[in-house]
Amino acid sequence: MRSPVIAPPIPKTPLLDASGVGFLAVLAAVVIGVVAYGPPAYAVSLMGKYLCYALLAISVDLVWGYCGILSLGHGAFFALGGYCLGMHLMRQIGARGVYANPELPDFMVFLNWKELPWYWHGFDNFGFAALMVIFVPGLLAFVFGWFAFRSRVTGVYLSIITQALTYALMLAFFRNNMGFGGNNGLTDFKDLFGIDLHSDGMRLALFTASGIALAAGYILCRAVTVSKFGRVLTAIRDAESRTRFFGYRVEHYKLFVFTLSAMIAGVAGALYVPQVGIINPSEFSPANSIEIVIWVALGGRGTLWGAALGAVIVNFAKTYLTGAFPELWLYALGALFIFVTLFLPQGVAGLFRRRHFSFGKREPALAPKPQAGE
Amino acid sequence: MRGLQLFRPFKMIRILFIFLFLAGSGLAARADDLAAAVDALASSSFSDREAAVNAISKTGDPKAIIILEALSRGELYVRKADKKVFLAKEASGGFTLTDPVTSESADTLPSSALEKVRLNNALRRAIEEGLGALTLFSKDAAVRRLAAQSILKAADPARIDLLSNAIAREADPGVKKIMEEARAAAILKSDRPDDEKLNAIQILKARGDQDALGLLDAAANTKSGAVSFAAANAARSIQNRLAFWEGIQNVWYGVSLGSVLLLAAAGLAITFGVMGVINMAHGELVMLGAYTTFVIQEWFRAYFPSGLDYSLFVAIPAAFLFVGLVGMALEQSVIRFLYKRPLETLLATWGVSLILQQAVRNAFGPSNREVTTPSWMSGSFEVTSGLALTYNRIAIVAFTALVFIILFLLIRRTRFGLEMRAVTQNRAMANSMGIRSGRIDALTFGLGAGIAGIAGVALSQIDNVSPNLGQSYIVDSFLVVVFGGVGNLFGTLIGALTLGIANKFLEPFAGAVLGKIVILIAVILFIQRRPRGLFALRGRAVEA
Chain G
31 MRSPVIAPPI
41 PKTPLLDASG
51 VGFLAVLAAV
61 VIGVVAYGPP
71 AYAVSLMGKY
81 LCYALLAISV
91 DLVWGYCGIL
101 SLGHGAFFAL
111 GGYCLGMHLM
121 RQIGARGVYA
131 NPELPDFMVF
141 LNWKELPWYW
151 HGFDNFGFAA
161 LMVIFVPGLL
171 AFVFGWFAFR
181 SRVTGVYLSI
191 ITQALTYALM
201 LAFFRNNMGF
211 GGNNGLTDFK
221 DLFGIDLHSD
231 GMRLALFTAS
241 GIALAAGYIL
251 CRAVTVSKFG
261 RVLTAIRDAE
271 SRTRFFGYRV
281 EHYKLFVFTL
291 SAMIAGVAGA
301 LYVPQVGIIN
311 PSEFSPANSI
321 EIVIWVALGG
331 RGTLWGAALG
341 AVIVNFAKTY
351 LTGAFPELWL
361 YALGALFIFV
371 TLFLPQGVAG
381 LFRRRHFSFG
391 KREPALAPKP
401 QAGE
Chain R
543 MRGLQLFRPF
553 KMIRILFIFL
563 FLAGSGLAAR
573 ADDLAAAVDA
583 LASSSFSDRE
593 AAVNAISKTG
603 DPKAIIILEA
613 LSRGELYVRK
623 ADKKVFLAKE
633 ASGGFTLTDP
643 VTSESADTLP
653 SSALEKVRLN
663 NALRRAIEEG
673 LGALTLFSKD
683 AAVRRLAAQS
693 ILKAADPARI
703 DLLSNAIARE
713 ADPGVKKIME
723 EARAAAILKS
733 DRPDDEKLNA
743 IQILKARGDQ
753 DALGLLDAAA
763 NTKSGAVSFA
773 AANAARSIQN
783 RLAFWEGIQN
793 VWYGVSLGSV
803 LLLAAAGLAI
813 TFGVMGVINM
823 AHGELVMLGA
833 YTTFVIQEWF
843 RAYFPSGLDY
853 SLFVAIPAAF
863 LFVGLVGMAL
873 EQSVIRFLYK
883 RPLETLLATW
893 GVSLILQQAV
903 RNAFGPSNRE
913 VTTPSWMSGS
923 FEVTSGLALT
933 YNRIAIVAFT
943 ALVFIILFLL
953 IRRTRFGLEM
963 RAVTQNRAMA
973 NSMGIRSGRI
983 DALTFGLGAG
993 IAGIAGVALS
1003 QIDNVSPNLG
1013 QSYIVDSFLV
1023 VVFGGVGNLF
1033 GTLIGALTLG
1043 IANKFLEPFA
1053 GAVLGKIVIL
1063 IAVILFIQRR
1073 PRGLFALRGR
1083 AVEA
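Listed in order, the protein sequences are those of chains G and R. Position one of the first sequence corresponds to residue 31 (our numbering), numbered consecutively onward. Position one of the second sequence corresponds to residue 543 (our numbering), numbered consecutively onward.
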């Protein structure tokens, strides 16, 4: 037991420490380098995709690394954000679809629908769509979290029901009469703001926007975690009941951070869709959400930048291995899962930390302690 | 039906001849009718030929069966010279002709001198119905039954007399009943007097299935007041009865789906519920069990084909042992290092599941492997006309019950079960009592994995054996365990049955996918109400 009656005053953590500055510097260098040298179009989109994944990983790290909420359904928020922007892109197609219907997207014409469903109204307007990108995942997270945290669903139970949530959404979006394109999802996008999505300029713009969103997301999450609010989050992660007994309304903290995280994931999804050109229900599959968690675990949870790094490492490896040795990819990913959990509980970031900071002052333990449920 | 008829010996036809003779039919007149009708097949118009087919079947002559069958096989030819119809057999230099009525062989002609009697769909239907009527007199009760059933479906008033004759001769009570029902159906469609129809309505009401319902509904829409009223009443009573049996059937389907869920989740209830290990590779262990079944079956096919039907009995222990060993290896190599970090076992075992999937995909290929259902498990058992239970469902429910009981006794009544519970409840205390908790952990995990393997054997009978088999059950299994309450086998039982039955009752209203979504949302909401499941463990161990 290590709990003195009077705690020493908590040193104020700067918003950006050395690793944070390093992360932002590397990110800026990559973005500027890409914009300056203009690599081939496919590479720009690919890197843009990695940046979106990195932002998604940061959002998962915020809830898992700092608050101990292991969400296996974050893919759902990502996909919902993606669908919201996808709907705007569908509206932008206008009469240029295969059926040249000025009023309805192709798949609705195909299904013999006569008019636009009510929930598609307003998505012609980019501002509205952008708002929805944040609002829809946020609302779902808020409602879900409201129920879950209030009735103190924790640990494994929470993980399983978040998984059930994304699974239910996947089944729902697969249905044609949901009005989101069913199996095929939304695709065949043409342009955004009247600019061709496939043009080099647009690709670079989207890539840069992803980079900026990642930086902003990092700073936002960092600001949350170093604040007094963040301290309470960490306390909840390490000893939820004790925090509650101190008088903190644990469920409010959790609800806030879960909703915030879902919104960030939604933004990541919205930036992802125009760069890959499609969004379909398989994005909701529970396997995807579990994969996000492994990015964070590999990178090192509770560090934010480590999560981003993990997302890039795993996805780069995936791109390379699925191309070069398609048979091997699942073995490699599986081995990675096992290896990281067994030998790198603090992830790549932990490796880094131990090597460079172990001599000086002791860092406060950033990686989570063993969690509830033992 | 026709296929059966092809190989009947002529003896039967002779007996029929005698029957018909005794019934007072003028044999000679019949033969003349038959000959005339057969020759009418030479007509070039399809509707004439249809009339000829009907006339042939009307004669009731046993030869008519042979003729109609030959016609349906395309073995009837018209001799162009005199427009006479013959049975033709291919021979050197053309076709050998046989007179279909007298069975006398005629000459052999080149194909240019002959023209085949061609069929269209209406003709085929007429032949089918005609054969149905004729086979009412078959010696084989099964053939007669089929014939009566096909007439029941057609409900043709023209068959009433034929049926009356057949009923008078029928010895088998079961077949006789169907024939009476068929006659009732025909009477309802005919213009017979109302009292006969009312009687027919009673007979059909007693039959009480979907066919009878259709006939009665049709009769309810006729003009005659009394008949239509009685028919509507009878239809309503059948509907109520069918709805009742459908309810029972849904419960049964729910129970069988629930037992599948229970089998899949029982292993998880041990590894996850008792040990607290979130084993995402559980689905893949189930899949390994299914592939074990496949391998054992192929082994039987190669070395011991006569025992193929019983390979399942070898597959069950084999799957238990093999998958149990895989589970123990998994526990020793990965999971035991993670007991202090339960949420992380999720990640590691997810990795294991990916590796197992890919390994199976490499070893057996990505496509489905076929595990045949043993013959003793096919077929069904008809409880009443509204409810038939298939043997494979019965087998799975019974098997699940057996596995569950054994598991329960193992945990409650054996030394191993005792030690297992001791380690779960208080590891330190169990250690100090001399229980080797490490060994118990490995054995417990092996037991959970072995049960998963057995589930795989059962699932191989009802699902596709493919590398993705496990994935489709993992979310459901976790839901069942969480819904029932972690660490409680009875909770798992109740959870599985509840979810199974709820699913089957929702399906008709909402469709399979929407029903599933509703269930998922219901479970999510339920967890809000009872965060630790239906039967929650209480006490200090819960809040860690």
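The hints are simulated quantities; they were obtained by calculation from the structure and are not laboratory data. Keep in mind that a hint or two might mislead.
As the list claims (entries may be wrong) - Heads up, simulated SDA-like pairs for lysine to any residue below, C-alpha to C-alpha not over 25 angstroms straight-line:
1. Lys144(G) / Ala1052(R)
2. Lys882(R) / Arg274(G)
3. Lys1058(R) / Phe172(G)
4. Lys695(R) / Thr764(R)
5. Lys348(G) / Lys882(R)
6. Lys695(R) / Ala684(R)
7. Lys42(G) / Ala265(G)
8. Lys1058(R) / Tyr187(G)
9. Lys1058(R) / Val166(G)
10. Lys882(R) / Tyr187(G)
11. Lys348(G) / Pro908(R)
12. Lys1058(R) / Leu170(G)
13. Lys1058(R) / Pro375(G)
14. Lys882(R) / Ala265(G)
15. Lys882(R) / Thr273(G)
16. Lys718(R) / Pro735(R)
17. Lys626(R) / Ala684(R)
18. Lys882(R) / Ser75(G)
19. Lys348(G) / Ile897(R)
20. Lys1058(R) / Gly212(G)
21. Lys1058(R) / Asn206(G)
22. Lys882(R) / Leu170(G)
23. Lys882(R) / Pro375(G)
24. Lys1058(R) / Asn318(G)
25. Lys695(R) / Ala762(R)
26. Lys348(G) / Gln1013(R)
27. Lys1058(R) / Ser181(G)
28. Lys1058(R) / Phe158(G)
29. Lys1058(R) / Ala202(G)
(message) Please verify whether lysine 1058(R) and alanine 202(G) have alpha carbons no more than 25 angstroms apart.
(response) 9 angstroms, holds
(message) So if I understand the rule, the pair passes when the alpha-carbon distance is 25 angstroms or less; does lysine 695(R) with alanine 762(R) pass?
(response) Given pair lysine 695(R), alanine 762(R) holds - Cα atoms ~17 angstroms apart, limit 25 angstroms.
(message) Does proline 908(R) sit within 25 angstroms of lysine 348(G), going by the straight-line distance between their CA atoms?
(response) 20 angstroms, holds
(request) Could you grab the alpha-carbon distance between lysine 42(G) and alanine 265(G) and see if it respects the 25 angstroms cut-off? (result) Holds, because 16 angstroms separates the two Cα atoms, which is no more than 25 angstroms.
(request) Measure nothing beyond the straight line between the CA atoms of lysine 695(R) and alanine 684(R); if it is 25 angstroms or shorter, mark the hint as holding. (result) Answer holds: lysine 695(R) to alanine 684(R) is near 17 angstroms, not above 25 angstroms.
(request) Please work out if lysine 348(G) and lysine 882(R) have their alpha carbons no farther apart than 25 angstroms. (result) 30 angstroms, violated
(request) Please work out if lysine 348(G) and isoleucine 897(R) have their alpha carbons no farther apart than 25 angstroms. (result) 15 angstroms, holds
(message) Please verify whether lysine 718(R) and proline 735(R) have alpha carbons no more than 25 angstroms apart.
(response) The given pair, whose Cα atoms are some 23 angstroms apart, holds under the 25 angstroms limit.
(request) Decide if the proposed pair is consistent with the structure: lysine 882(R) and tyrosine 187(G), CA atoms, cutoff 25 angstroms inclusive. (result) Between lysine 882(R) and tyrosine 187(G) the Cα gap is close to 17 angstroms, so the pair holds against 25 angstroms.
(request) Take the C-alpha atoms of lysine 882(R) and serine 75(G), compute the straight-line distance between them, and say whether it is at most 25 angstroms. (result) 41 angstroms, violated
(request) Below or equal to 25 angstroms on CA atoms is what counts here, so check lysine 1058(R) against phenylalanine 158(G). (result) Roughly 32 angstroms separates the two Cα atoms, so the pair is violated.
(request) Would you mind confirming whether the straight-line C-alpha gap from lysine 882(R) to alanine 265(G) stays at or under 25 angstroms? (result) Judged against 25 angstroms, a Cα distance of about 19 angstroms means the pair holds.
Consistency note: the structure conflicts with the earlier hints numbered 5, 13, 17, 18, 22, 28.
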